[in-house]
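Trainee: Sequence:
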Amino acid sequence: MVRALSEAMERRDAKGMIVHMRSDVVFEPASTEVVTRRPYQGHDGIRAWLADIARDWEEFEVTLTELRSNPPYHVTMCRVYARTGGYVTDSPIGVTWRVEDGLITWGKSFRDRAAALRAAGLD
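Residue numbering for the sequence shown follows our numbering, beginning at 1 and increasing consecutively.
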């Protein structure tokens, strides 16, 4: 399920993401030097996050590189390439997800691999 969610995230497919998420999901994406993010809540929040990405970045690509699990937590390691104006970021990112009753209830992006693993008890 977490892999399918990550693949939907790679495609920026809101429907493909929220099918794996509880309606009160909370997602906390990482901020960058260019864009400050806030937590997004619920299915509408996920749609808003994707709309914000489309607005803020001319290009935004996420590629899954690794998946680690320590139920109820799962960590997806990704490579994120994003470009807007003269700013480019191409870096690893870790996203820690919590799964309860078969659905994702919480997720948080970390710009530091060790922090993502720590949040899942995998350090």
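To be clear, the hints were calculated from the coordinates, so they are not data collected in a lab. Computed from a predicted structure; not experimentally measured. All C-beta atoms in this analysis are idealised placements derived from N, C-alpha and C, irrespective of residue type, glycine included. Please note that a few of the clues may not be correct.
The calculated DMTMM-like cross-link candidates involving lysine to aspartate or glutamate, where the alpha carbons are at most 25 angstroms apart (straight line), are [as the list claims (entries may be wrong)]: (1) K108 - E33; (2) K15 - D123; (3) K108 - D123; (4) K15 - E58; (5) K15 - E66; (6) K108 - E66; (7) K108 - D56; (8) K108 - D90; (9) K108 - D24.
Cβ pair distances, simulated, as ranges [what the hints assert, rightly or not]: (10) E59 - E7: 23 to 33 angstroms; (11) R79 - A4: 11 to 21 angstroms; (12) E33 - E100: 26 to 36 angstroms; (13) T63 - E33: 29 to 39 angstroms; (14) P71 - E33: 18 to 28 angstroms; (15) R113 - I53: 31 to 41 angstroms; (16) Y87 - M1: 17 to 27 angstroms.
Trainee: When the hints from earlier in the document are held up against this structure, which numbers fail?
Mentor: 2, 10, 13, 14, 15, 16
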